[in-house]
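So the sequence lines, in the order shown, correspond to chains A and R. Heads up: the first sequence begins at 447 in our numbering, then just goes up one per residue. Heads up: the second sequence begins at 447 in our numbering, then just goes up one per residue.
Simulated from the structure, these hints should not be mistaken for lab results. Treat the hints with caution; some may be incorrect.
Said to hold, decoys possible - Residues from chain R shown here face chain A by an in silico Cβ test under 10 Å; the list is partial:
1) N448
2) F451
3) R575
4) H612
5) Y676
6) E691
7) P727
8) P728
This structure is a prediction, so every number in the text was calculated from the model and none was measured. Positions of the beta carbon are idealized from the N, C-alpha and C atoms, including for glycine.
So the chains spell out like this:
There are 2 protein chains.
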Amino acid sequence: MNKPFHLGLDVGGTNLAAAVIDSRFNILSRASIPAGAGRSIEAITDDMAKVSILAVERAGISMEDVAGWGIGMPSCVNARTNLLVHANCFGWHNVPIYDYLRGKLPLDVKIDNDANCAALGEALAGAARGHENALMLTLGTGVGGGIILDGKIYAGADGMGAELGHSKLVFEGERCTCGQKGCLEAYCSATALQRDAARAGFEGDARAVFDAAKSGNPVAEGLVDRYIAYLAAGLSTFITIFRPEIIILGGGVAAAGDRLFVPLREKMCECTFGAEEIGLPPVIPALLGNDAGLVGAAFLF
Amino acid sequence: MNKPFHLGLDVGGTNLAAAVIDSRFNILSRASIPAGAGRSIEAITDDMAKVSILAVERAGISMEDVAGWGIGMPSCVNARTNLLVHANCFGWHNVPIYDYLRGKLPLDVKIDNDANCAALGEALAGAARGHENALMLTLGTGVGGGIILDGKIYAGADGMGAELGHSKLVFEGERCTCGQKGCLEAYCSATALQRDAARAGFEGDARAVFDAAKSGNPVAEGLVDRYIAYLAAGLSTFITIFRPEIIILGGGVAAAGDRLFVPLREKMCECTFGAEEIGLPPVIPALLGNDAGLVGAAFLF
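If we strip away everything but chain A, and leave its shape as in the complex, we get (with noise of 0.2 Å):
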């Protein structure tokens, strides 16, 4: 049970990333190839498993030294019915996924969502290295959410949940990619702020408006400190719920540095039930990028 060696298998609808990690959170191979969405699920399963074998060659280890093959998808799998519930980068709906996977490696195989393996990734070797309960929210073209509880991810009685980005933030309010109305993720997704942006006249995406919000532009600083006001009350709930030790943010909004996190930071101070009775945990930008899924899977096993 004590391998020495961790294989994470990152799932995107563009690559299929494999690398070789080792316990103290080195990555000591990588190996990527297309994804090739479209194809049958068949040979892109097959293709998942050739990608992380040439990893574990690329790290001259043995298979029998690895602790299990781990693998971050944009999707979940029902733990009930052990079916993969919705892949939308290859239009995958409850798949089998386990069935398809089984065999083709000489190893367990264990999937979770890929905001779920970021936060553990960022829980273990990233920026919430050394703290149990961790929150983390990805701020890209959706929200991805992860929760880390005692260590470990938390994803529902059903390992379907944690999905932060689909909390309600508006009652009512902006439609979201899911269907529903005034989810988090309609109002603090980078494609929010450039819907809200282009609305505003100002033509651009989330890193331009930020960057305009910088030099001081009256527009987009307008649309930067609202973007803030929506994100510092969705994570006034989170905090609310769940008092993580630390909360940390990725993604591409999350690089817009200082001028995001410093009013962030007092606006969750004003917005937050208890913030002053009993503190708030730190907000920190997330430190391994791309890799915290890549970690994350790995350390499933």
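Use these hints to put chain R onto chain A, whose structure you have.
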């Protein structure tokens, strides 16, 4: 460690109620005395011990057969400081409560929030019996919330969490009793329904609004439907995060029966992320009434 009897104390602003409960959740004895709010901490904690001793005497058992002294209070203890943070009913603030209680009974003491205790009571012996993962909201003067994960109360990393009533439901919405804006409690408490009714020109409390809605009063019907939409949205967030096996509603509003639960379930199907794909947990009324908190407190040990 395997003592046959459990001693619970439910501390409220009006009464201190104790009970001895056996391992099959039968209440063997009860005792209750006025809380005497306004007196010194010493006097009130003395009475907390007195009423608990009385319950043990009435059960005809020995303290040696009692597993521990479990106490539910409308407050919570910060696990980092061991201070009782805010017990508004007594005007207490950051009280070293364990120092006051220790040694008053020959038993170990555990304190938890009363809403958490109610959730545990319902999960062990009430509406959620047999479920390891349950969520309970108490819809009364305020909104209390409790989460049971793997059979245990989940109260956040520092014991101050799971304040579900103060999660944000409406961005920058109604002012809540906690001082924040837009909390679930500010929309889903009996008090909130009464406030909205008064604004709509309807005189009466939450029960009167539901009664009038049942009789076809169109103003009351509108108020109840709006109330249900808020509650459904709030529950949808908790489902999206926790995916509990079952949701229990207690408190005065839950007594409204089908006029609450039937449209609530429909609305939840409409407004919850992934409801069609992965289903929704049942939402049912609490069973134990005021005893839920007492049973849960007793089974903190």
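Against the structure, the hints:
Among the interface hints, the one on R/N448 is violated; its C-beta lies about 26 Å from the nearest C-beta in chain A, farther than the 10 Å criterion. The interface hint given for R/F451 is broken, as the beta carbon of that residue sits about 30 Å from the closest beta carbon of chain A, more than 10 Å. Residue-level restraint check for R/R575 is violated (minimum Cβ-Cβ distance to chain A is 16 Å; threshold 10 Å). Hint on R/H612 holds. Least Cβ distance to chain A is approximately 4 Å, under the 10 Å limit.
Because the beta carbon of R/Y676 sits about 7 Å from the nearest beta carbon in chain A, less than 10 Å, this interface hint is met. Satisfaction of the interface hint for R/E691 is found here, the shortest Cβ-Cβ separation to chain A being roughly 5 Å, below the 10 Å cut-off. A least Cβ separation of about 8 Å between R/P727 and chain A falls short of the 10 Å threshold, and the interface hint therefore holds. Because the closest C-beta pair between R/P728 and chain A is about 13 Å apart, greater than 10 Å, the hint is violated.
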